[in-house]
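Fit chain B to the known structure of chain A by using the hints.
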Amino acid sequence: MTPDLASVLLYLVVLVVLAVPLGHFMARLYRGERTLLTPVLAPVETAIYSIAGIRAEESQSWRAYAFAVLAFNAAGFVFLYAMLRLQGFLPWNPAGLAPMAPDLAFNTAVSFVTNTNWQAYSGEVQLSYFSQMVGLTVQNFVSAATGMAVAVAVIRGFACRGEGRLGNFWTDLTRSVLYVLLPLATIGALILVGQGVVQTLSSHVTATTMEGTEQVIAQGPAASQIAIKQLGTNGGGFFGVNSAHPFENPTVLSNMLQGLYILLIPVAFCFTFGRMVGDRRQGIAIFAAMATMFVAGLAVVAWSEAAGNPMISQIAGTAGPNLEGKEMRFGATLSALWGTATTAASNGSVNAMHDSFMPLSGLVFLVNMMIGEVIFGGVGAGLYGMLLYVVLAVFLAGLMVGRTPEYLGKKIEAKEVSLAVLAFLSMPLGILVFAALSVAVPQALAAVQDAGPHGLSEVLYAYGSTTGNNGSAFAGFGAADPFHTTLQGIAMLLGRYAIIVPMLGIAGALAVKVPAAPTAGSFPTHGPLFVVLLIVTVVILGGLTFFPALALGPLAEQVSLAAGTRF
Amino acid sequence: MLAIFRPALAILALMTLLTGVAYPLAITGVAQVAMPVRANGSLIEQGGTVIGSVLIGQDFTSPGYFHPRPSAVGYDAASAGASNLGPTSAELLVTVEERAEAWRRETGESDVPLDAVTASASGLDPDISPENARVQAVRVAEARGAPRDEIVRIVEAATTGPWLGIFGPAHVNVLEANLAVDAAFPGGVE
Numbered sequence: 000m001t002p003d004l005a006s007v008l009l010y011l012v013v014l015v016v017l018a019v020p021l022g023h024f025m026a027r028l029y030r031g032e033r034t035l036l037t038p039v040l041a042p043v044e045t046a047i048y049s050i051a052g053i054r055a056e057e058s059q060s061w062r063a064y065a066f067a068v069l070a071f072n073a074a075g076f077v078f079l080y081a082m083l084r085l086q087g088f089l090p091w092n093p094a095g096l097a098p099m100a101p102d103l104a105f106n107t108a109v110s111f112v113t114n115t116n117w118q119a120y121s122g123e124v125q126l127s128y129f130s131q132m133v134g135l136t137v138q139n140f141v142s143a144a145t146g147m148a149v150a151v152a153v154i155r156g157f158a159c160r161g162e163g164r165l166g167n168f169w170t171d172l173t174r175s176v177l178y179v180l181l182p183l184a185t186i187g188a189l190i191l192v193g194q195g196v197v198q199t200l201s202s203h204v205t206a207t208t209m210e211g212t213e214q215v216i217a218q219g220p221a222a223s224q225i226a227i228k229q230l231g232t233n234g235g236g237f238f239g240v241n242s243a244h245p246f247e248n249p250t251v252l253s254n255m256l257q258g259l260y261i262l263l264i265p266v267a268f269c270f271t272f273g274r275m276v277g278d279r280r281q282g283i284a285i286f287a288a289m290a291t292m293f294v295a296g297l298a299v300v301a302w303s304e305a306a307g308n309p310m311i312s313q314i315a316g317t318a319g320p321n322l323e324g325k326e327m328r329f330g331a332t333l334s335a336l337w338g339t340a341t342t343a344a345s346n347g348s349v350n351a352m353h354d355s356f357m358p359l360s361g362l363v364f365l366v367n368m369m370i371g372e373v374i375f376g377g378v379g380a381g382l383y384g385m386l387l388y389v390v391l392a393v394f395l396a397g398l399m400v401g402r403t404p405e406y407l408g409k410k411i412e413a414k415e416v417s418l419a420v421l422a423f424l425s426m427p428l429g430i431l432v433f434a435a436l437s438v439a440v441p442q443a444l445a446a447v448q449d450a451g452p453h454g455l456s457e458v459l460y461a462y463g464s465t466t467g468n469n470g471s472a473f474a475g476f477g478a479a480d481p482f483h484t485t486l487q488g489i490a491m492l493l494g495r496y497a498i499i500v501p502m503l504g505i506a507g508a509l510a511v512k513v514p515a516a517p518t519a520g521s522f523p524t525h526g527p528l529f530v531v532l533l534i535v536t537v538v539i540l541g542g543l544t545f546f547p548a549l550a551l552g553p554l555a556e557q558v559s560l561a562a563g564t565r566f
Numbered sequence: 000m001l002a003i004f005r006p007a008l009a010i011l012a013l014m015t016l017l018t019g020v021a022y023p024l025a026i027t028g029v030a031q032v033a034m035p036v037r038a039n040g041s042l043i044e045q046g047g048t049v050i051g052s053v054l055i056g057q058d059f060t061s062p063g064y065f066h067p068r069p070s071a072v073g074y075d076a077a078s079a080g081a082s083n084l085g086p087t088s089a090e091l092l093v094t095v096e097e098r099a100e101a102w103r104r105e106t107g108e109s110d111v112p113l114d115a116v117t118a119s120a121s122g123l124d125p126d127i128s129p130e131n132a133r134v135q136a137v138r139v140a141e142a143r144g145a146p147r148d149e150i151v152r153i154v155e156a157a158t159t160g161p162w163l164g165i166f167g168p169a170h171v172n173v174l175e176a177n178l179a180v181d182a183a184f185p186g187g188v189e
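Protein chains in written order, with numbering that gives the first Met the number 0: chain A, 0 to 566; chain B, 0 to 189.
With the rest of the complex left out, here is chain B:
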């Protein structure tokens, strides 16, 4: 019996040191030295305060900002999550109807971009679709008294993808777009 368990325990202990301590600490060390900004969450600071992470979506509600996608967790970045509702769920479909109605009221457009009425997987999606952003650009421009063309140009600058021209859809980073809007036309929060 002992003959079997000696190697079992010894290998487990050695592997714990190697893969559970040395490996993650070595990666942490290299990451902190070589890529500190990315390793620490790609945080954005303004005047010494952290205003968020460029990778993590946050909620925007005032008309002078682009709004993110619906989130099942209200953009709680300490506990991410999704609706996990199936495609025939009445709860999902009623929620989508409410969101579509609100969207139509707010924009006057009848066709609603699908990403504007569906919740993301993480609840922290930092991006929206270019169509969604283009429609919102009208509201943002109005709220700021800015020329619409300028706002559309800001959207285009915050658009990335498809990667290598084929991988994944084009998408607009909401926080980047809002920072750019603030920089060009101050006075977003009412």
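The following block holds chain A by itself, in its conformation from the complex:
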């Protein structure tokens, strides 16, 4: 076994070993059972409910739950937008940075409220420490908690026995922050500081180098934001270059910890699902489908990065990995692992520049995002996104055998399937239609940096990333243009709420149904056959929608590369 293969396998093993107990912990937490942290945190929780006037025991209908989600996110948006526009007048601005422009503030506020963390700005240049901490860090927590809450509500819709209620958004949100995100973020942040991630409120340091030139070194309270950016699949870096910056990700250990945090909660949610629906095998089946697609993508990326760029190897007279846009301490394999994890998980942080990855790697990243971020996906969002495909998969299976489709004993009928298709359509709308607009409008097209097929990949990536609520970028793309800040703001809203609301609708429709006992004719949804069916559904529905665009982008680029064509 090569060291590279061993490192990847060890990472995956540690990930699952940590995610299984976390998943079980979360199942207990959301069922309102006693957990390890209850004695410490229950008083805080009660105090929060009493100040906010929340009746914790009240279970909401799907409409009330959805209204609460939207009201909370709207309030978060307005608050963050106002802060970004006013940062020049607010404290903790040692570098004296000016307020953000309206379109950029809109884009940034939407980006953090929707758990996308697309960054059309550069943190060290355009954001005060106040905006980073009181604005962005808060949304890193609560946008993640929103996704977790929605996933839990959707699970309850599948799991409940006809009561018709999905739980309480405010308690799901509060518990996600208090019991899961805050403790793990605190541990992570302190380990990261120990590795050299900066955490200070002082301003830039000016160094005089050994050769006598001046080097201004940006600093800031980075560690606290980075821990939660990974944990909550947010991905918005403290610095513009994200976790490639040596102050954000200084060592291989900090890299592996952040890499684990990217996938930890999304993987754990598979096991939470199994527990909450009362059949652990159901969670394992979903995990198996996600893990299979993850490993397949990772294999392509790791291979193509290790093989390197043949044109550069020819110039240098040296065969070896693709190191353009990569840090020496991570090399090709750990960059490939990160790139696959961050695009699968809807995280969007990077430790290497995706724009400079090989074409087939870019293809995998694009596919991970375009299919709707369901390979583990965003915290919560990945699970409810995959449940959307589950609804479609059992529907297809039902058509094939001519029976009413069922999942977990509940009939999947016209209403559920219509809502699932509606939610599914937000991806092609946000990616294909908006990308087509960007290519057609000259002002928008000017944002493209690279000529040739890679230029199209840049546009597809920008809209795939924003609609998929991922947030990573082919960063050569000039995302700061007002056309794109505005359109991508809309894409992010679409990719978030045009999926959340229909999914809650599906959960609401299922919540009133009483599950039937399985019969000899029921299609089991926990075996390998179902796993294969689910993967095929994702690949056919997601893949075929986007194949023509991918053929003109990364696939054409791969062919050009083999032919030695330069653009």
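If you're looking for bench data, these hints aren't it; they were derived computationally from the structure. The beta-carbon is built from N, C-alpha and C at its ideal position, and this holds for glycine as well. Treat the hints with care, as some may be off.
Said to hold, decoys possible - Some but not every residue of chain A turned toward chain B, in silico, with C-beta under 8 Å:
(1) Val137
(2) Val192
(3) Met209
(4) Asn308
(5) Lys325
(6) Gly330
(7) Pro358
(8) Thr564
Same frame as chain A, but now just chain B:
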């Protein structure tokens, strides 16, 4: 309407206090007390002046020092960045050709280490590959009139990784290597 927005605003305010103020300030407090050097950027001082951070790459051009990888931002640590050029970009490939040519002129070696002709992700990469450092050791030794073996030993001391024997490639910290060279054979800047 108010019934929905009251909890929304109250929870937002409480979460802002908890996660936007208390959490980062508590982390800052613990970090500043328990790990002040690391929390403040792992800075290196010489005679009272900060000469840089061990984590942040800086540019070296004189022959008596090891040189870092190419940087898309000229090692501007106030605004990091990469080339972001795709693998078939003519601009990238022409730049790589120029760098390879310069390398061959400077070292007389025909095979160029790939990290010496490609720009890093941050533009602040503090490390180079061991192969890159070994070739540069010849130039550094010559410029300083130092035995090559001694310089190679300094490179080896500044080499770390793979972590746990498997994670990531071996790499050489340029600033550490140059500090060690200066300490052993003074007279680097011409």
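We went through each hint and held it up to the structure:
1. Val137: It holds, given that the least Cβ distance between Val137/A and chain B is near 4 Å, below 8 Å.
2. Val192: holds (4 Å)
3. Met209: Result: holds, 6 Å to nearest chain B Cβ.
4. Asn308: Holds: closest Cβ of chain B sits about 5 Å from Asn308/A, inside 8 Å.
5. Lys325: holds (6 Å)
6. Gly330: Holds, because the Cβ-Cβ distance from Gly330/A to chain B comes to roughly 4 Å (cut-off 8 Å).
7. Pro358: holds (6 Å)
8. Thr564: holds (6 Å)
Figure legend: structure checked against the earlier numbered hints; every hint is met.
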